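Visitor: Position chains E and P relative to chain D; hints supplied.
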Amino acid sequence: MRLRKVAFYAVAILFAVWTILPIVLIALAALTPRQELYSWPRQFVPSTISLESFQFFVNSHGVLASTGRSVIVAVATVLIALLVGAPAGYALARFRFRGKEAFRIGILLTRMFPTSLLAIPLAVLYLKTNIYDTILGLAFMHAALAMPFVVLITSSLFLKVPYDLEEAAMTLGCSRIGAFARVSLPIALPSLVAAGIYTFVLSWNEVFASAVLTVHNRTLPAHIISTLNVSPLNFKFAGGFFMIIPALIFIFIVRRYLLSMWGVAINK
Amino acid sequence: MTVLRKASSLYLLVFLVVCLAGSAFAQEITFSSTQFVPIEEQEFARNHLLAPFTEQTGIKVNLICEDDGPFFDRLTAEARAGKAVSDVFGTLHGNVPILVAEGVAADLGDITAIPGRTYISEFVNLGQMDGKQVYVPWMQATYVMMANKKALDYLPEGADLNALTYEELLEWAKVLYEETGGPKLGLPAGPSGLFGRMLHGYLYPSFTGYQVSAFNSPEAVAMWEYLKELNKYVHPSTGIWASMSDPLLFEEVWLAWDHTARLTAAVREKPEEFIAFPAPAGPKGRAFITVLTGIGVTKGSENFDAAMELIKYLTSPDVQVKVLEGTGFFPTTLEAVDHIPDGPEKILADAVSRQAASPDAIVSLLPVGLGGRTGEFVPLYVDTYQAIVVMNRPIQETLDAQWALLKDLFESMGAEYPNP
Amino acid sequence: MPLLRKIPLPVLLLSPTLVFLTLFFLIPLIQVSGLAFQSQDSVFTLANFERMVRDIYFDSALRNTVVLLILIIPVQLVLAFGAALIVNQRFRGSTFFLYIYAIPLGISDLAAGLIWLSIFTERGYLNSLMHNLGVLERPLIFLSSLTPKWMIAAIVLTEVWRATPLVMVILLSGLQMIAKDYIEAADTFGCSWWQKVRYVILPLLKPSIQSALIMRTMLAFQMFGPILVLAGRQLPVFASESYYWYTTVRNPRVAAAYALMLMALSLVATWIYLVVLRTREEQVGVM
Chain D
183 MRLRKVAFYA VAILFAVWTI LPIVLIALAA LTPRQELYSW PRQFVPSTIS
233 LESFQFFVNS HGVLASTGRS VIVAVATVLI ALLVGAPAGY ALARFRFRGK
283 EAFRIGILLT RMFPTSLLAI PLAVLYLKTN IYDTILGLAF MHAALAMPFV
333 VLITSSLFLK VPYDLEEAAM TLGCSRIGAF ARVSLPIALP SLVAAGIYTF
383 VLSWNEVFAS AVLTVHNRTL PAHIISTLNV SPLNFKFAGG FFMIIPALIF
433 IFIVRRYLLS MWGVAINK
Chain E
38 MTVLRKASSL YLLVFLVVCL AGSAFAQEIT FSSTQFVPIE EQEFARNHLL
88 APFTEQTGIK VNLICEDDGP FFDRLTAEAR AGKAVSDVFG TLHGNVPILV
138 AEGVAADLGD ITAIPGRTYI SEFVNLGQMD GKQVYVPWMQ ATYVMMANKK
188 ALDYLPEGAD LNALTYEELL EWAKVLYEET GGPKLGLPAG PSGLFGRMLH
238 GYLYPSFTGY QVSAFNSPEA VAMWEYLKEL NKYVHPSTGI WASMSDPLLF
288 EEVWLAWDHT ARLTAAVREK PEEFIAFPAP AGPKGRAFIT VLTGIGVTKG
338 SENFDAAMEL IKYLTSPDVQ VKVLEGTGFF PTTLEAVDHI PDGPEKILAD
388 AVSRQAASPD AIVSLLPVGL GGRTGEFVPL YVDTYQAIVV MNRPIQETLD
438 AQWALLKDLF ESMGAEYPNP
Chain P
8 MPLLRKIPLP VLLLSPTLVF LTLFFLIPLI QVSGLAFQSQ DSVFTLANFE
58 RMVRDIYFDS ALRNTVVLLI LIIPVQLVLA FGAALIVNQR FRGSTFFLYI
108 YAIPLGISDL AAGLIWLSIF TERGYLNSLM HNLGVLERPL IFLSSLTPKW
158 MIAAIVLTEV WRATPLVMVI LLSGLQMIAK DYIEAADTFG CSWWQKVRYV
208 ILPLLKPSIQ SALIMRTMLA FQMFGPILVL AGRQLPVFAS ESYYWYTTVR
258 NPRVAAAYAL MLMALSLVAT WIYLVVLRTR EEQVGVM
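Protein chains in written order, with this note's numbering: chain D, 183 to 450; chain E, 38 to 457; chain P, 8 to 294.
So here's chain D without its partners, still in its complex pose:
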């Protein structure tokens, strides 16, 4: 039994190392003095910690403002996508109706076409409806990008919430909505969180829509990250690392909710 435990931890740690190592490398590279970046063999650990590139990046015009904007857009996107998408996921899981399969594939179909090609008609639509260059307009677009997957994830999860539980709640005097809110929702929370995380990072990293649909209200990727690949190496690392930090914080905050109170451990 002990041997199995050791093996289990070994696998768990190995996978963690594989995941974390590239992040550590980019963090170290972001803190390496620029003269050392071009040395061979490349230094894994810099001789001194240099904040020069990082500071230049952070102090660049509009970086902090667009970072704040990115966070607002991402949070708004999560709210919109879940409010609009989760009910559809619930409906797909709970009801039988004609055209359901067509509906399901139809939802997915919209995302099978490369979205960057839709830029011009979308921008024209935004300009004509006066939601061009607004934070809410951008959040709508990001929510639309995430929605097929939000519907998909939530429907596969609501499918497994036993309907008897909801029925029981209803016989005990709950309304349909009350039964859903008190019974199904808590059970399905991990799936909503999973969909939420996906939506947040999608919005956080999204470039095409933000670049085309905003002028003043640019998010961080549209403002500067998309130009990093033509910037010198030290800024690539500094910007790349800076971009990771807020996502790390967000995932840290919501990670607990991924593990629901209701689930079970699979015994070893």
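In short, the hints are calculated from the structure, not lab data. Take these hints with a grain of salt, some might be off.
If we take Cβ atoms under 8 Å as the criterion, some of the chain P residues that face chain E in the derived model are [to be verified]:
no., residue
1, I63
2, R130
3, G239
4, R257
In this text, all values refer to a predicted model and were calculated from it rather than measured experimentally. C-beta atoms are modelled at their ideal positions from N, C-alpha and C, and glycine is treated no differently.
Guide: Leaving out everything else, chains E and P in the frame of chain D:
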């Protein structure tokens, strides 16, 4: 329900921000540019060019630097919706016909009347499309060669760095390969690299005397045979490189060809290690391209006068000298064009003036008249390279097939072949 | 709201999504995909498809699109399932491991491409490591036109690293919902760990596996950021070709033709997943 309260206060916050963003600014213009994209150049432009402009005139400038894709998409959409949110556009000459085809560019009138500067007249002419002046010549650049000084020890005997031939370049690359144990020549042939310009504007006129008209001639076949030979000594990572600064700084290569602005990072980082020199010459001469960027006003902009103010400011001789010192882009006015910068940029500026002054110079002019299909021109050359050199397809057959596409492009647009 | 009551509940629940997707995707999508069948002068033509099929990159783009998918998706599924099982053990520190495993989720494909590029370049981390260990005399060139297999390997590693957590998170949230009774029943019958996984967990996880596969496959078909960074156009796929024709060549008609090809491939893959991994509800029906 704290969650509900949090959510609703967040909604409030979002709406507040939206309202704030929507409220009118003082006089502000939006400037969309595909130039000044690297982060240091953006900072330079905002702090050292636009901030003084706002101080002088009270006009705020919202600078948006972006790749070609979003740049075209946004300007096109604004033109189609009839709402010019961007006021000023700044981009490569080669991109402007596409903008004109979409109805993005306004007529600027007679720009030679602007006081205090004399724009180089060829550039003014290039900026005239459909009988309108659609841009003001903004900045120019070119492509040169750059070498790590270590490579000079291997320079073939009798070769003059400032009058190098393509044969000598091949010999040099070969010696470097053999003596150092690996390929040391690099080209920016990645997806956002500018290698295609080397093919149509440097190699083709140098070998065949023409950029387009001798595309599948015997001279062209000889050129492709040369390129296949050269490719043996070209670094195999060449296909992913966008800019040669990093490979030069890493010493992955010792010898490279690229756009001057894409080499400045290398000379700034280690000015003592690099030397720049003119592009090589072929049997017909030493061909090179001048890269021209233009700056214009969008059709329907409500801030036409303020936009012209900015354009006049950015193309004044003083500011152009500042741009040269700050970013390595060269002036387009007679008053500023001979200015030689101090500092590391001098290394590049010297090579540029030697290239322009070389006795066997052939100046390749950019093709005109391809309109909305201008973007298809360069990829045809790059595809040919891919087919012949990388995929090893038969030369003549490939050239004939690609020539059919090239000819069709010019004929269907009613454009004349560029001269040379 | 008497009018609202007349509308069946499913319609009410589905309509917001429907409106959203129609407005933001369906209408522009129809407009743009129409371009694939139009000449420059808006006359019906198949010339764009002809140009696409004859293009020197088309054959390898088709091959690479399929090959990369076949290499990436199964590896991701297995790794993600393993990681989800590990975290779901609820041992001490399992939330810590969950957090670590989920980190790449937050990284854009551009940043991921940059990270792995700095590992694989000639003077990058991998060569430096081997040099420091004394394995290598001079650096190897991994990302080279002469070594397409290395380039594919680099892309697969990058994608597996970046996108496995997404699959893990979906499977994990699915795992949580498997009712305790099933596992306990399996335990009373003395099932081994493997038997539990094979006969209890996997079948019950099918809906989640199905959605994860559909989602990942669609996103993998569209992925091209890391490819452009690590291999340039030497390893074309449909997504990168469509993007190239759209942004560099500025020919939206051929770009739309490529996009439709991509869509067809995605549709076939999704259909296969839906048929092969048919879920119980669809066979029996609830309600």
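Visitor: Hint by hint, where does the structure go against what was stated? Just the numbers, ascending.
Guide: none
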